[in-house]
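Q: Residues per chain are reported as follows:
Protein chains: 2
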Amino acid sequence: MTTVAQAQVGQLSDEDVAQLDAWWRADNYLTIGQIYLQDNPLLRRPLEPGDIKPRLLGHWGTSPGLSFVYAHVSRLIRMTGQQAIYLAGPGHGGPALVAAGYLEGTYSEVYPAVSQDEAGLLRLFRQFSSPGGIPSHVSVTTPGSIHEGGELGYVLVHAFGSVMDNPDLLTIAVVGDGEAETGPLEGSWKGISFLNPTRDGAVLPILHLNGAKIAGPTVLARKDPAEVRSLLEGHGYEVLEVEGDDLPGMHHRFAATLAEAWGRIRAIQRSAREGTWDGTRPRWPLIVMRTPKGWTGPDEVDGIRVTGTWRSHQVPLSGVKDNPEHLALLERWLRSYRPEELFDESGAPSELVRALNPAGDLRMSANPHANGGLLTKDLDIPDFRGYAVEVATPGVGRAESTRRLGELLRDLYAANPDSFRLFCPDETNSNRLGAVFEVSDRAFAERVLPGDVAISRDGRVMEVLSEHNCHGWLEGYTLTGRHGMFATYEAFAMVSASQTVQHGKWLQEAKRLAWRAKVPSLNVLLTSTAWRNDHNGFSHQGPGLIQVVLTQRGDIARVYLPPDANCLLSVADHCLRSRSYINLIVIDKQPQLQWLTMDEAVEHCARGAGIWDWAGTDDGSADPDIVLACAGDVVTMEAVAAARLLRERLPQLRVRVVNVVDLMTLVRPKDHPHGMSETRFKELFTDTVDVVFAFHGYPGAIHQLVHGRPDADRFRVRGFIEEGTTTTPFDMTVRNRVSRYHLVMDAINNAKRLPRGAADLKVWCEAKLAEHETYVVEHLEDMPDVRDWTLGDWAERG
Amino acid sequence: MTTVAQAQVGQLSDEDVAQLDAWWRADNYLTIGQIYLQDNPLLRRPLEPGDIKPRLLGHWGTSPGLSFVYAHVSRLIRMTGQQAIYLAGPGHGGPALVAAGYLEGTYSEVYPAVSQDEAGLLRLFRQFSSPGGIPSHVSVTTPGSIHEGGELGYVLVHAFGSVMDNPDLLTIAVVGDGEAETGPLEGSWKGISFLNPTRDGAVLPILHLNGAKIAGPTVLARKDPAEVRSLLEGHGYEVLEVEGDDLPGMHHRFAATLAEAWGRIRAIQRSAREGTWDGTRPRWPLIVMRTPKGWTGPDEVDGIRVTGTWRSHQVPLSGVKDNPEHLALLERWLRSYRPEELFDESGAPSELVRALNPAGDLRMSANPHANGGLLTKDLDIPDFRGYAVEVATPGVGRAESTRRLGELLRDLYAANPDSFRLFCPDETNSNRLGAVFEVSDRAFAERVLPGDVAISRDGRVMEVLSEHNCHGWLEGYTLTGRHGMFATYEAFAMVSASQTVQHGKWLQEAKRLAWRAKVPSLNVLLTSTAWRNDHNGFSHQGPGLIQVVLTQRGDIARVYLPPDANCLLSVADHCLRSRSYINLIVIDKQPQLQWLTMDEAVEHCARGAGIWDWAGTDDGSADPDIVLACAGDVVTMEAVAAARLLRERLPQLRVRVVNVVDLMTLVRPKDHPHGMSETRFKELFTDTVDVVFAFHGYPGAIHQLVHGRPDADRFRVRGFIEEGTTTTPFDMTVRNRVSRYHLVMDAINNAKRLPRGAADLKVWCEAKLAEHETYVVEHLEDMPDVRDWTLGDWAERG
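Heads up: the sequence lines are chains V and U, in that order. If you read the first sequence in the numbering used here, its first letter stands for residue 1, the second for the next number, and so on. If you read the second sequence in the numbering used here, its first letter stands for residue 1, the second for the next number, and so on.
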């Protein structure tokens with residue numbers, strides 16, 4: 001079947017060419033219309049200055065190449081029934097893809113105002129790059145897309161994520177030669193080193209070398225083609241090349257090349273799925289397409305070459321309203337596509353144009369894989385209570401909290417063999433999540449050697465030493481309706497922070513579009529934290545991602561700081577069930593004190609914050625003298641230790657301990673749906689008593705969160721103040737002034753009412769800190785067991 | 001000379017081998033000592049459990065490869081006098097490089113306590129990965145380094161930055177095969193596409209394929225070597241390969257390969273500098289070195305293969321204190337290096353070892369290029385007043401502020417032809433800095449075609465569509481003592497935010513080391529801002545980097561929001577003269593209203609914040625009724641417009657307008673050196689009057705900055721609240737509720753004293769906003785000139 005089909009797909013009849021060309025002309029016409037026209041959309045009368053938009057915005061350069069490819073893939077789909085989606089890497093191909101959705105009818109289905117007639121065309125043109133309209137790049141508003149054309153570099157990571165566990169999907173990923181210069185893009189060619197042809201679908205990258213970016217040539221376009229081939233072959237691809245601008249020659253050559261690529265993909269998949277594959281990494285096909293930037297646009301303007309240069313990047317003809325020559329040139333250009341053949345009387349795409357469109361959901365603009373919420377099924381999640389740590393007394397036993405989560409993830413893998421994956425830069429074991437390897441290997445398509453452990457072509461745990469790949473693959477995976485988690489070092493989560501920001505923007509805007517179904521959340525687990533990087537030191541110490549997520553809108557941003565294993569399990573369960581959020585979970589991987597029974601943890605996490613009355617001396621009969629609040633595991637230990645010191649040494653002081661798991665509960669309800677009511681806020685924090693707050697992240701985060709709460713100035717926050725080095729967690733708390741001794745002194749300094757003995761206790765705390773200083777300075781002489789020093793002292797030192 | 005030298009360098013006598021091998025053994029011995037020993041450093045008695053550190057931390061796997069290369073490069077330097085520095089990409093080669101500095105004597109010179117004797121050795125061992133000591137990776141504390149081995153991916157960007165305009169420098173950049181999986185690293189091979197052999201020095205990348213990362217194999221190590229070669233040749237390199245673990249065979253082969261690489265580099269440079277180069281991009285050499293991970297370590301432990309696998313990544317022998325077998329194995333391993341030959345009686349490195357060291361500053365650990373402040377010369381900065389915009393009346397004329405800066409940069413380029421560069425992802429013209437092209441082209445080593453504009457192999461403006469490259473090159477350039485600026489889109493500055501964080505950490509820690517001389521600041525200019533991305537929309541709208549820089553310590557972090565051209569010039573002049581800061585400057589590139597004369601701007605910027613009495617109605621005789629504060633250009637326009645509305649329509653209300661240029665002035669002086677005194681703060685903001693603050697970034701930033709100031713709760717901040725789309729700046733201010741009308745209503749709602757007419761004015765504002773809403777909704781019907789709408793209305797609408 002495939003061989004025949006490949007030959008068929010690769011051969012164009014005259015009718016095929018006519019259809020392809022008409023569709024392509026229509027797309028190009030609509031692209032130019034979007035950039036230039038506010039009236040006379042079908043050119044039924046001569047073009048006049050009044051037809052031209054007052055401000056010309058948008059990007060022509062990359063568009064004709066994108067629509068050319070789109071047309072050919074549509075034909076492939078029509079002939080083969082292939083499930084395919086189309087990701088446009090070049091930043092500003094927006095109008096071409098919007099036009100494609102319009103020509104396929106999908107655009108009018110999701111935006112009825114943009115109807116299939118002249119009025120709809122006018123709306124299509126006017127909305128583009130205009131206030132109240134749509135952006136000039138492919139965005140969340142573009143049906144058929146899971147990839148925003150804004151920040152460059154992620155088209156391949158999204159593409160590879162989309163096809164994992166998606167055996168029938170082919171994702172076309174057009175890589176612009178500007179984008180190809182970015183680090184994340186260059187680091188993402190290697191997706192095929194992690195792809196399994198049996199279980200996964202395929203990505204067909206099309207490297208579109210049109211020669212220029214905004215203002216100059218690109219590296220790949222100016223390299224010897226043999227070098228480009230060598231580079232891509234080095235990544236493991238079979239490189240197919242098409243070049244030119246002759247017509248219909250390019251149609252014939254591209255059709256043949258696309259058919260060849262598709263045939264190879266099908267052959268690889270067939271061999272794998274029929275059991276004749278030898279297991280070596282296939283040489284997946286890749287197309288290098290060289291066409292001039294601004295292809296079919298005006299060759300020269302005012303005697304200067306435009307097509308094929310960076311000058312065609314945006315608006316090749318400027319000042320059209322005032323320059324009659326440019327106006328005439330624009331009209332000639334528009335008419336060169338023969339709009340009268342492309343649109344019928346009513347203004348709808350003509351039959352000739354529509355003939356190319358695949359049917360129904362096979363249209364790339366309508367494919368449900370690009371609206372993944374439609375395909376999302378709930379995960380089968382084992383009862384998280386089954387992984388609980390037994391806690392008889394708070395703060396006595398220790399456990400590696402993330403190890404319990406690892407066990408849950410293991411069973412999640414087993415129960416959901418094609419809809420859950422863990423993504424991690426080579427740290428799954430280090431993060432104590434290694435139980436997953438009991439049921440799945442690491443994915444690896446390159447050579448596996450005897451002696452390798454838990455790594456195979458059949459593995460589904462994604463380990464690649466690239467936060468960009470991990471994050472981007474997970475985005476592609478969730479946007480096509482599957483579930484996952486990205487686990488990484490807290491400090492290095494900043495490497496992919498811009499991806500978190502951009503994905504957040506996608507989710508935020510998607511919520512405003514009724515036709516976009518909600519997708520699984522992006523779950524990020526940070527578990528080698530700022531406070532416990534004993535030997536790594538300062539470069540590994542930074543709670544920056546919390547700060548980033550806090551800037552996102554309340555409808556998507558969630559930040560959890562579970563203090564122990566049972567809270568972590570409860571939080572993780574909640575996050576795995578959620579949709580369309582960014583869930584940030586921060587917890588240490590080392591053995592840590594456990595505080596709450598599972599029942600207590602479930603209640604505590606459901607409320608997001610609560611009073612730990614066993615830790616304080618607040619009997620509830622009156623306002624406490626001081627509130628000791630905490631969020632984050634290491635600082636919670638310090639806060640509880642401080643409360644214990646106060647209880648033992650200053651028992652008359654009424655101390656209330658409040659732990660916060662869900663950071664967003666601190667915000668006013670009008671700013672975040674998790675924000676606790678003012679009544680509840682007062683129940684926890686009172687409205688006049690000072691609050692000493694020990695925080696995992698930067699102190700400023702809490703100040704901004706509690707702004708607008710009753711007398712927010714009374715919050716004294718201690719947290720990470722960029723004081724780090726190779727040292728123990730306890731010393732980290734001293735350096736950042738959030739140790740138990742600092743907290744005790746803060747409590748005394750800010751308490752409403754001071755019992756006798758307070759001054760002595762402060763002196764004692766100062767002495768303890770001095771002792772610690774001496775200890776640090778001297779310890780290189782006697783080298784005590786750092787671990788004992790770190791962990792053993794929480795109670796003993798009290 | 002070179003030819004002879006190459007042959008000489010490539011050939012090893014027996015004595016050469018003995019020296020190389022002794023030095024290498026000594027380095028490996030010290031590496032293991034750092035990981036394991038707290039006593040008995042020279043093994044002068046049998047090893048005992050008490051000699052072993054209580055906690056074993058550190059990384060052996062990559063270390064022997066790093067020290068092997070180091071030894072050979074040292075020999076090259078000794079024979080040729082080559083200026084060279086050594087950047088270790090693999091994250092955790094710390095002990096090997098620390099040992100190298102120790103063997104070269106530099107370590108003891110900068111840290112006298114780590115002396116060249118047994119006591120010093122003990123200190124060297126004990127400090128490693130220990131509280132109060134040094135981290136397990138190469139860090140700012142390691143002499144000879146400009147590259148932290150923490151966050152992976154930047155070794156080549158740092159290397160290329162270091163050799164730009166540094167013709168005599170050879171930077172050895174060892175790339176680990178784990179690091180080679182990261183996006184930033186993969187995107188940085190193309191540095192040679194921007195290198196000029198006449199004017200720049202050379203980078204010799206050594207791709208060290210030892211097979212594994214933390215927990216499994218790497219992609220490049222498991223690819224067919226032909227594919228790896230193909231990949232690197234595709235990037236444009238001449239690939240030289242060395243493989244094996246046989247000795248002394250590897251010494252001979254590596255020496256020959258290194259000599260060949262060096263010979264080729266010298267030949268390329270000679271040809272270019274003697275005028276025989278044809279101008280095509282040279283094929284720079286690159287070495288692929290394949291040696292087993294943990295080379296020379298224990299082959300097997302407990303019957304399991306260790307050397308050559310990921311198991312040797314960290315501590316190959318565990319539980320040594322309690323396991324006599326492991327203890328014996330460790331002792332055998334340590335003695336296999338024959339320490340008695342390597343250290344003399346006192347414990348200092350023996351003559352045999354020291355014989356390899358280059359002299360003085362040629363030692364890589366002592367090379368001043370790796371302590372760039374020693375080489376830094378002040379820039380010759382033209383008088384910034386010469387680029388001033390004339391301002392007769394505030395807020396009447398418009399100018400593109402960054403265009404003036406571009407003119408200053410042009411003259412800076414001319415005056416400093418080898419010590420200043422601008423780095424920008426393809427947006428120099430777009431950012432209105434294009435004047436630089438009058439004196440320098442863009443740098444480009446690939447093919448340049450007729451018709452290309454301002455791009456050549458001789459260019460020194462660095463445009464590559466990669467924030468990672470731009471940021472990293474600038475880091476390398478400044479760390480070796482030269483000056484520069486990175487200009488980029490505000491939203492996409494988050495792409496390289498982690499580099500800003502890590503470089504900040506470097507600068508923060510460097511300030512604590514007296515021996516590290518201060519280097520030029522990292523100047524970041526964001527000039528396509530959140531508020532003015534008219535057609536790009538939401539993905540381009542994010543003031544996230546301000547938030548990131550605010551988390552850095554006060555000794556390095558600076559954030560400036562100049563409201564106009566003259567302020568920008570004054571701020572830029574200050575930043576270009578500064579040392580060892582992160583200077584973030586945010587200003588829009590579009591035509592904008594100009595407020596201050598140059599004299600006023602200089603005074604305003606020097607103070608960092610001030611009252612604009614011409615904008616308000618506050619006559620200074622009493623506290624105002626309300627303070628309208630602003631920071632950032634677009635929101636400053638709104639604040640001034642709001643003040644004007646209030647002046648005209650509610651003249652009895654005493655309104656004070658405060659503009660903030662230097663954000664850090666808001667912080668308490670104890671938290672930042674720029675923080676204004678409490679007196680000054682009260683002079684500007686009073687201590688009781690409410691402050692309506694219009695801010696360029698996220699509102700939370702101001703809340704955290706003013707925390708601790710008198711009654712900080714009275715600050716009502718409006719700013720970017722993640723409401724964006726394709727629209728005008730004015731509509732952006734409406735969506736984010738910081739428009740003039742919102743500010744007027746805020747002022748009324750919070751003023752101490754309300755004149756009659758206030759309620760009417762609020763109603764009027766509501767009506768104006770409703771009118772605007774209608775306008776936005778309807779405008780697609782009539783398409784007015786968006787530009788007029790955007791800018792024309794600041795005064796007219798008042």
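Just so you know, these hints were derived from the structure itself, not from any lab. Wrong hints could be hidden among the right ones.
One copy or any two copies: either way a pair holds, since identical chains are not told apart in the list.
[Said to hold, decoys possible] The list that follows gives simulated cross-link-like pairs (lysine-lysine, DSS-like), each with its CA atoms no further than 30 Å apart:
1. Lys377 with Lys682
2. Lys768 with Lys752
3. Lys768 with Lys377
4. Lys321 with Lys682
5. Lys377 with Lys321
6. Lys768 with Lys682
7. Lys682 with Lys511
8. Lys768 with Lys670
9. Lys518 with Lys682
10. Lys321 with Lys670
11. Lys321 with Lys752
12. Lys762 with Lys670
13. Lys511 with Lys752
14. Lys377 with Lys518
Q: List, from low to high, the hint numbers that the structure doesn't satisfy.
A: Structure breaks hints 1, 3, 4, 5, 6, 7, 9, 10, 11, 13.
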